[in-house]
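Trainee: Using the hints, put the two chains back together into the complex; each one sits in its own frame.
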Amino acid sequence: MKADPKNVLTGSHYLDGNYACAEGAIAAGCKFFGGYPITPSTEIAERVSQRFPLLGGVFIQMEDELASMASILGSSWGGVKSMSCTSGPGFSLMMENFGLGIMLETPCVLVNVQRGGPSTGLPTLPGQADMMQARWGSHGDYEVIALAPDSPQESFELVIHAFNLSEKYRMPVLVMTDECVGHMTEKVVIPPAEEIELLERKYTDKKPGEALPFEPTSDGVSPMIPIGKGHKFHITGLTHDYRGYPVINAETQEKNVRRLIDKVNMHADEIIWLEEKDVEDAEVVIMAYGISSRVIQPAVAKARKEGIKIGQIKMVTVWPFPEKRVRELAGKVKSLIMVEMNYGQVFLEMDRCAAGKCRTYLVGHAGGTVHNAVDVYNTIKEAVK
Amino acid sequence: MATAVKQKSDVILQYLRPHKKMPSVWCAGCGNGIIMSAIIRAVDKLGYSKDEVVMVSGIGCSSRMPIYLDFNALHTTHGRALGFATGVKFARPDLKVIVITGDGDALAIGGNHFIHACRRNIDITTILINNAIYGMTGGQGSPATPSGAFSTTTPYGNVEKHFEPCELARAAGATYVGRTTVYHATQMEKMIAGGLAHSGFAFIEAISNCQTYFGRLNRKGDAVAMIKSFKENAVMLGKAKKMSEEELEGKIVIGTLYRTEKTEFCDEYQRVIDSLQGGK
Ligand SMILES: Cc1ncc(C[n+]2csc(CCOP(=O)(O)OP(=O)(O)O)c2C)c(N)n1
Ligand code: SF4
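Protein sequences, first through last, are from chains A and B. No gaps in the numbering here: position 366 of the first sequence is 366 in the working numbering, and each next residue is one more. No gaps in the numbering here: position 204 of the second sequence is 589 in the working numbering, and each next residue is one more.
Derived from the structure by calculation, the hints contain no laboratory data. Here a beta-carbon is modelled for each residue, glycine too, at the ideal position from N, C-alpha and C.
What follows is a list of derived Cβ distance ranges for each label pair:
| # | chain 1 | residue 1 | chain 2 | residue 2 | range |
| --- | --- | --- | --- | --- | --- |
| 1 | A | M132 | B | E617 | 56 to 66 angstroms |
| 2 | B | D479 | A | K206 | 16 to 26 angstroms |
| 3 | A | E323 | B | G542 | 56 to 66 angstroms |
| 4 | A | I248 | B | A413 | 13 to 23 angstroms |
| 5 | B | S434 | A | Y203 | 17 to 27 angstroms |
| 6 | A | R304 | B | L661 | 46 to 56 angstroms |
| 7 | B | S434 | A | E270 | 37 to 47 angstroms |
| 8 | B | P531 | A | E270 | 56 to 66 angstroms |
| 9 | B | A413 | A | L348 | 47 to 57 angstroms |
| 10 | B | S660 | A | T369 | 38 to 48 angstroms |
So that you can see chain B by itself, here it is in the shape it has in the complex (with noise of 0.2 angstroms):
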């Protein structure tokens, strides 16, 4: 048992900058850890050296990861990220490109580059780390809070009503949707695996834990107590396909909801560039 804890930390070490020092600006027992942990194991698993490796970010809490990997590492705007990793995929479709994001940033500021980048298909796989709140800037509402969910800027319960990011993602139009919380680490690690290897735009909402302020906030206990709440809600979606509305109420849909294959958007590109130049 303590050899085989040994090895996986030696995988992670591998990936962590060797320069930049921790402790994280993350709070202790955030979920962005666990995230960033199971990219590295999905990255490790497939093979990818790291130097083939971009990581997108936006701004937020969770758009501090690629300041820890040992990839190519573009931190960017708030929202902006996707637009970035739009030009960068074009640049070099050879190299895989990760955005990560928040779910302030991937819907409220970012929500139209977003759509736009699920709508065109192109070969970016994003991580959305929903935690339902604004993190970094200290625990206002995101279009992710839940109606009735409190943070500073909804003092009295939120009044809205907030968006499905995984509907959202197949509707406008990404090939490969996934779900799962930072529970399901195992789960988390082969979705990301899943998304990469994928053509296409693949969108993984990986549920996790804000406890410094949702949790706070909201009465959700630490940081564990948030974490096996999500291990109690979760329920995967070949079991939820047989629950009724009723039975679904609270609880965390999660697996890959939705696959297809559709054409990328840079190869498309290619074709018409070659047929131009002569069906080379």
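Extracted from the complex, chain A is given alone in its bound form (with noise of 0.2 angstroms):
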């Protein structure tokens, strides 16, 4: 499906990031918008709420974030596109509700504008310090989707693209962006609503009372049920069964476990986006995400321009981690080294997958602010050696 040309503003526009994601919702089709303002988030509530209502759409600034993020799973199975945003303290809020959206497996995009922690931390000030909180913050096993924009242009692309994934697995999809990239104000290029590309949900076409909403299909994503069609459906956080009744036994637990680990994992080739370059000859690859990706490029520059076999993976996504190519890599290269703002976060997994086959190396700080280019320079010399 295309997206409908009212929802989408083409042309080229000056936009901070932030802009630029409720944009990308509004292309996505997205209808409701429960928010709650924080620092530095607040702006995608603000356009939104300006926006959506221009256009058929509904924003609520909730009481909270554990109503706003109620909220968008409650608008999603009432079969309209929904989405929230938050940053630091809201997003620890939303956590145990977010594990119910990955339970009910409602398809919905949680955008987190990331700023300085742990606690009030730095408000106004950017961090990449939650991605472990959003891979495991809510209680339970589960797998999760995170995509990291580096720009502007990248956020209005990703918010839609975070849109299609939620559709396609059944599941809410995170937008890890951080106060650099949502503040920073760039041409963002909106193209005509007919090159964007949307995918619609996916319903049962079985009749009422034999529609399960969790029903076992051989992608691992059950269709999803309408509401108000005649099959009463019945849905709920406790672990249940293909019906969605509550069963409390380990049988059912690991049938409705596996299935929202299943589902992520058995198409990890196809969600993972990783953009590579120079990685065929290297003897070192420089990984990292969303702002960290552009902050490394003046010094892995001069290192190339030095001589030095450096390769660079940008990831896209961030969640599933691409486990399978960091393994590979790993028995290619000298070293691996991770460029994130935090101390070791995302680190962890690409160190956990090298295995001891390469050296690893971390360029973290505590955010505030984006990596110094002298730090990056120097862990790759240290890296080739």
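Mentor: What follows is the structure, given as structure tokens:
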């Protein structure tokens, strides 16, 4: 399906990353947004509050992030594409109902414009330290999909992509930007609607009484069941059978949780999106995501100029982690470097997958500012030894 | 007489999920069942199709109700049902949304969501099953546990004050507020029907018995004894108005306590959308 031209501001704009996220949601056909103001994500909610009603959509400023997350799950089950955004403490509050979204296999998009933490931390300055929370923040076992845009342009594009992934795999999808990307203003080219491909929600074609909300399928993703169309489904955050009824035993738990894990793992190759450059003959590969993948460019350029065989991988998706690719590379290169605004979160995954086959380096700090090019350069020099 | 009873249970059976086996998770005699059947009769009387009803609940014994009813059902997280229901209502304003919540669910963990849903006057009928205790987790104190009452976490008697949910709802902006008890099943049915027919946030406090915990810990007897005490202590609103504060001590004032018309949230939002789109 193509985007609706009414929803697409085709043309060249000068937008910040937050506004670009809002425009991405609108282009994706999102019509419900429940949110709570928090720096540095608030501009998304503000733009949505102004733009949605013009297009027949609804923005509600909920009483907190618990309710925001709950409301977008509700509207998604009501049949409307939905989104919320938050930062820092708000992300913590959303974790309970994010888990419910995972358990109920509810398509929706959540944008986290990361700031420095822990706690209230640095409301107005960037961080990338919610990456492990994105992965494991809600209790229990599950898989997630998280995307990390590096610019306003990518914010627009990845929010649309996140909606498509959420419909395809029937789950909440995270867009992990940061204060830098959210507040940087750059040129954003919004294509004509016919160039924006949208995935429509897959609904069951079975009759009421036959359709199951969590039906096992060969691709691991059950079609959704529409509300108010005779199905009278029951869904619950309790461990449930295919019909959506609670069954409290180990056997059902195994099936339920496996489905949440398998549907992502089975399609990991399809979901994982890496942008590689000069990796083929590299001795050192530097990995980064979001704003950090741009910040490393001067250091990488200088190193290459000096003849260092350095390749780079920009992780457009951070979760699921590109385990296979990292294992492959670890057997070929001298070192792998991870650059991120935290003290080693995604680094831990890279290091685990390298499994001692190459050296691993972290260029990390506690957030508040992007990396210093000199730190990146010095680590490259060390890594190539 | 025998046929009349049969007809009533036929209505009930028609609304139970065909593949959900009884017995329920509830203790025998629990008031939740009486409230469930009052909801069924109210929906039946209003002539809604089962498919146009959405029941959203939080977590607790009371919140298990949607499992048994053949409506669209969303069993969510503790205290958060109203947030979820707000999303459903905006997505499908044509559907009738009922929220089932417990006194812990609505007044403790969900207290903030509760007052804000009242304030927005969104068209949701919320039935708070007030058994004055946490049933599901085994009898701990709740914000509705009266001062001095015993629970597993108030072993020396509750030193806190309790909430009056109806006053809270009215002060927060609910436009239909009523209180009844599981003894007054017919009144309950009418009140729920009234709430469903009302456009705006309808709040019904259904006083119920948890004989398993509240009854046992406070020597209130079995289910029958507790329900009888509701009968004995209930005072209709009209009569209560003529009684002094001392006379009302320990009484349960029942009836539709408050009712007013105010613009409903989804309607109001739709008006904004329409005006922005050229006053369609
Ligand atoms: C976030 C969270 N905290 C605690 C619980 C545990 N819990 C389950 S039900 C419940 C209280 C239920 O009491 P109430 O809402 O009064 O409903 P009742 O069981 O009496 O019907 C609690 C504390 C939970 N499920 N989720
Ligand atoms: S514990 Fe209390 S509230 Fe729960 S089912 Fe038993 S009697 Fe009802």
